[in-house]
Structures are given as C-alpha cells and as structure tokens.
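A.B. asks: With the hints as your guide, set chain B onto chain A.
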Amino acid sequence: MSRHLTQRLAFGLLILATLATTVPIVLIVGYIAAAGLPAISLEFLTAMPRDGMRAGGIWPAIVGTLLLTAGTAVVAVPLGIAAAIYLAEYAKDTPLTRAIRIAIINLAGIPSVVYGLFGLGLFVLFLGFGTSILAGSLTLAIMTLPVIISTTEEALRAVPQAFRVVSISLGGTKWQTIRRIVLPQALPGILTGVILGLERAAGETAPILFTAAAFFLPRLPNSPLDATMALPYHLFVIATQVPGMPVQIQYGTALVLLVFVLSMNFFATIIRSRARARRQW
Amino acid sequence: MTPPALLPDKPPAARAGWPELIIEALIRAAGYSAILFVILIVLFLLREGLPALGEVAPADLLGARWYPIEDYFGLLPLIGGSLIVTLGAVLIAVPFGLGTAIFIAEVAPRWLREFLKPLIEVLAGLPSVVLGFMGMLVLTPLVRETLGTPTGLTAFTGSVLLAGMALPTLVSVAEDALDSVPRSYRNAALALGATPWQTIWRVTVPAARTGVLTAVMLGIGRAIGETMTVMMVTGNAARLPTGLGALFLPVRTLTATIAAEMGEVANGSVHYHVLFTIGIVLFLISFAVNLTASAVVFQQKKRSERLLS
Numbered sequence: 001m002s003r004h005l006t007q008r009l010a011f012g013l014l015i016l017a018t019l020a021t022t023v024p025i026v027l028i029v030g031y032i033a034a035a036g037l038p039a040i041s042l043e044f045l046t047a048m049p050r051d052g053m054r055a056g057g058i059w060p061a062i063v064g065t066l067l068l069t070a071g072t073a074v075v076a077v078p079l080g081i082a083a084a085i086y087l088a089e090y091a092k093d094t095p096l097t098r099a100i101r102i103a104i105i106n107l108a109g110i111p112s113v114v115y116g117l118f119g120l121g122l123f124v125l126f127l128g129f130g131t132s133i134l135a136g137s138l139t140l141a142i143m144t145l146p147v148i149i150s151t152t153e154e155a156l157r158a159v160p161q162a163f164r165v166v167s168i169s170l171g172g173t174k175w176q177t178i179r180r181i182v183l184p185q186a187l188p189g190i191l192t193g194v195i196l197g198l199e200r201a202a203g204e205t206a207p208i209l210f211t212a213a214a215f216f217l218p219r220l221p222n223s224p225l226d227a228t229m230a231l232p233y234h235l236f237v238i239a240t241q242v243p244g245m246p247v248q249i250q251y252g253t254a255l256v257l258l259v260f261v262l263s264m265n266f267f268a269t270i271i272r273s274r275a276r277a278r279r280q281w
Numbered sequence: 001m002t003p004p005a006l007l008p009d010k011p012p013a014a015r016a017g018w019p020e021l022i023i024e025a026l027i028r029a030a031g032y033s034a035i036l037f038v039i040l041i042v043l044f045l046l047r048e049g050l051p052a053l054g055e056v057a058p059a060d061l062l063g064a065r066w067y068p069i070e071d072y073f074g075l076l077p078l079i080g081g082s083l084i085v086t087l088g089a090v091l092i093a094v095p096f097g098l099g100t101a102i103f104i105a106e107v108a109p110r111w112l113r114e115f116l117k118p119l120i121e122v123l124a125g126l127p128s129v130v131l132g133f134m135g136m137l138v139l140t141p142l143v144r145e146t147l148g149t150p151t152g153l154t155a156f157t158g159s160v161l162l163a164g165m166a167l168p169t170l171v172s173v174a175e176d177a178l179d180s181v182p183r184s185y186r187n188a189a190l191a192l193g194a195t196p197w198q199t200i201w202r203v204t205v206p207a208a209r210t211g212v213l214t215a216v217m218l219g220i221g222r223a224i225g226e227t228m229t230v231m232m233v234t235g236n237a238a239r240l241p242t243g244l245g246a247l248f249l250p251v252r253t254l255t256a257t258i259a260a261e262m263g264e265v266a267n268g269s270v271h272y273h274v275l276f277t278i279g280i281v282l283f284l285i286s287f288a289v290n291l292t293a294s295a296v297v298f299q300q301k302k303r304s305e306r307l308l309s
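Going down the list, the sequences are from chains A and B. Numbering-wise (my numbering), the first sequence opens with residue 1 and increments by one. Numbering-wise (my numbering), the second sequence opens with residue 1 and increments by one.
If we strip away everything but chain A, and leave its shape as in the complex, we get (with noise of 0.2 angstroms):
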C-alpha cells in the first residue's frame, strides 16, 4: 500500500473518530430539544408539581437548584479566588505548596458520590445541618473548588510579569497590585473558570443525594437549613423511581436543566474569545 493512500485510510479514521465523538452530542441536545419544547409552557416553568409530580410544574426543583449554585458561588468563588492567588502570586517552592498542589489534584479526583459521603458525615450529622440547602452548597462548594482554583491560577499566570514590576516599582504594595493590576487583567479568565465550575456543581446529583435533596416537596425552602428539590435530583427520580410518568414531563425537565447548564457554558465560552480578541499582551 503507498504511503499516500495509508494518509487517506488514517485521516479518514481520524475523521470518522471525530463524527462518532461530536455527532452524539448535537443529536443528544437537538433531541432533548425537540422533544421537551412541547412541555415548557408558564404552568410548568412556575407551577409546583401534582399527582405525585406526573402534572404541574417544576418550580421548586428550578428554585432549589438556583439556591444550591449560588450558595456554593458564595462559598466556592471567593475561597477558590483568594487560594489562586496565593498559589500564582505568593507561594514559594516549599513542601507546604508542593502539599497544596497535592491536595487539590486529589480534591479534583475524588468521586462525586465520595464528596456526597463527606458532606453527609461533616455537614449533615457531625455539624448537624440536617439534610438541607446549607450542608447541600457547602458539599458543593468543596467539589468545585478545584476547578476554580485551577483556572483561576492559569489566568493571573497569564497576566505579564512585566505589569507587575512596574506595579511594584512605582510604590505600589502587593496587595494593590494585585487588586488593581492582576485581577482585573486576569477577570476574563477568572470568570471563565467559575462559570465552568459552577456548571458542574448545578449538574451534579450525586453530591447533593444525601445532603440536600428532596424527592418530592411541593413547596419553596424557608431556610437554608431546608430540604430541596433540585432539578438533576428530580429529573433523577421521575426518570427511574416514578411508574407511569409521562414522557413529556421528562424531557421537559431535562431539557430545562439543560438550558440552565448550556447557557452557563455559552457565556463562558463567549466571556472567553471576547477577552482573547480583545487582549493587548
């Protein structure tokens, strides 16, 4: 066989890998798509849930998962920040930054299930939070700090050294420049990272099993020591542990969980090639 045509078989092959990774997933959303389009309707965007979920609405399930992404933003977002920095901006060469960086490659190993364990065992029985929003956000917020610590790091190692020496040359002390210089060069980037994040953590059902979900609670959480219902849960449960629940419902719970985590994705990516084109270094 001349090696010319061996190159066609290969780039073919390779073309064909491509397909079978890359098709699936425009059927898999276009799909979803269409078949949970005819169930969105106001009723079922703002309505609780009846007849053991099989009519009305999913709102308690969209309201829980809102509350469980932001309270781990609040918890994840300025801890995963502040630990970036230390990390690109203070941190020596010792066995204590060479232990940090360990931990975090593990954090980001870890088994979402396993994370639902921990949080079960600290959060909801050693503190006593009980199954609820709190214990839920903070199991969450552990899981997706490495991820931002991660990007956040690459971001303001991006920014030039060259901005910083000036910074500091001029009197600046090391917190101003980081405040002022670093942070707003790195934002894009920063950005990027705890959008992706806190994607994961809205997706993520394992984590919050035991320590934040309910299986059905037809209203909205009063506190954050509450139980909640949440969007993967709940298309979770009316996808294998409800018998006769209509297709639609499914779909159009899976296609609004989608929306939630897909347009996170966009304005990552969107923040991510605006700030590339506009960059000046």
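Derived from the structure by calculation, the hints contain no laboratory data. No residue lacks a Cβ here, since even glycine has one placed at the ideal position from N, Cα and C. Just to be clear, a hint being listed does not mean it is correct.
[As the list claims (entries may be wrong)] With a straight-line cut-off of 20 angstroms between C-alpha atoms, the simulated DMTMM-like cross-links for lysine to aspartate or glutamate are: (1) Lys117/B with Asp176/B; (2) Lys92/A with Asp51/A; (3) Lys92/A with Glu24/B; (4) Lys117/B with Glu154/A; (5) Lys117/B with Glu24/B.
[Stated by the list, open to error] Away from chain B, derived, C-beta distances all over 12 angstroms, residues of chain A: (6) Asn106; (7) Leu217; (8) Gly244.
[As the list claims (entries may be wrong)] To be clear about the criterion: a stretch of chain B counts as covered by chain A if any three or more of its residues have a C-beta under 8 angstroms from a C-beta of chain A, and this derived list gives those stretches: (9) 19 to 27; (10) 44 to 57; (11) 68 to 77; (12) 100 to 109; (13) 118 to 131; (14) 257 to 264.
C.D. replies: What follows is chain B alone, placed relative to chain A:
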C-alpha cells in the same frame, strides 16, 4: 514542580498597612484550606467507614456476595463491576478520544477546530443524569435489540455512556499534549520527506506520549468515579463478573451501590458503615489514579527542561 511566585519581593518603600496584612493572611489561609479539606474528607470517611472492619470480618468484605439484607457484605462483585464498566469505557473512549484529539490538533483547519473544541466542551457540561436519562430512553432499547439481551441494562451500556463522560477530559488533555510538541519536530520530519500522517504517527504522537498517557489516566479516573449515569443504565445486579462476557450482563458498580443504598440505611448500622468503606476504596482508587497521572506530567516537565538546557 512548583512554578515560582509571580510577585516580586516587596521593596522597602511600599510598606503594607495592617489591613493589607490581614488580607494577605486570609489569602494564605485560603491556600492552605485545600489541605484542610482533604484531611477532613479522609477523617470523616475513616470515622464512618472504619467501624465496618470491626463489624464485618475482613474475609467477608472480600467475599463474592453482596446481599446486605442477609448481612452479606462482599465487595468483590462491586469492585469487579466498577472495573469491567471502566475497562469497557476505556476500550471505547481511548481510540475515539485520541482520534478526535489528533484530528483537532493536527489535521483540522483552524475554523473547524474553533467549532469542534466548544462542541466537546458542551459534552463536558452535560449533567451525568441527563446522559443517563438519554441512555435509558435511547441507548438501552438499542442494546436490547442488537444484542438480544432481555433488558439492555448491561455493563456495556454503562461503558458507552461512561466513554462519553471521559471523552472531553481525554480529548482536551491529549490535544494540549500534541499541541505542545515543538513545531520544529514536525518540520524536520516533513523536510525529510515524510507524509503528514507519517509525521503524526511516528513523530508527533510519540513525542507527546506522556501527555497522552496522562489524558488516558484522567479519563479512567473520571469513568471509575461516575455515579448517576452508571446507576441508571447498568441494571445494578451485584454479580461477580467472570470474563469479558460479563460486559453484556447487568452489573453493579461501587459508586452506584453507595448512591442507591445510602438513602435507605439507618445511620450507624453495619450497612451504613460498609457504604463508607466503599467510599474509602473509591477515594484510594481515585487518589492513586490521579497521582499517577500527575506524576507522569511532572516527569515530562523534568525531561523537557533537560532537553532545553
């Protein structure tokens, strides 16, 4: 292994006031918090999981029967289930993932790359429960009809979906690795008369092999820890897989066992403690996989530093 701190050391002219010192102390504390969280996770897994070793004989934990209602807590079928589903996922994800990564990094024109990369990120963003849901409604009937199995809920069904979960990590890490192979390597090969494909297969891919290996490891880590997708499509029968034929039978994984059973056990019961023991096993597996993957990265860095100096 740790890149240098970026801020130049403080010159004497700009003295930080005490509010600034407090902020810096907080930043430092945030940095250390990652260690604290890992310690807390280990501590609470051990606290709830270790008692199981006193309540169930270690030999029974390694038994071949998982049937908690009758106090059979053999973890082997679950470990076997996780391994076979993950193995299937790797067999599917590696060729497709590497093929996609090579295509994106080496073959595709720029406009196509700018289209494909965000598309793969969409896959990374799909919640596992959505993938599991689609698996139940679309893939399961397909498997049932083509393989003639009674339900279509098999390890193989789980493997296909897990491959989908592992693909984005695999593709993006492998693509980064290929991308960081110096241009001059390719130019040298092409100048010697190699075809583009010979250059890719004999020069670029071998040069990026440690990064590609990392990609595979991280993909495995992602697959073995995945919970909801597998729980929804693998049938959850705790049966010890014996051979590759088990790929087409229902299985139950470590992760799915925790997720399915934790809601129904009494806090502090033997069953409850054993589920935490499973959590410890999963923690150890993911720790080993991720540490290996990152060790490969560090080795790679050292090697390239040697090459550059």
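A.B. asks: Can you list which hints this structure breaks, lowest number first?
C.D. replies: Numbers 2, 5, 6 and 11 - these are the hints that the structure violates, sorted from lowest upward.
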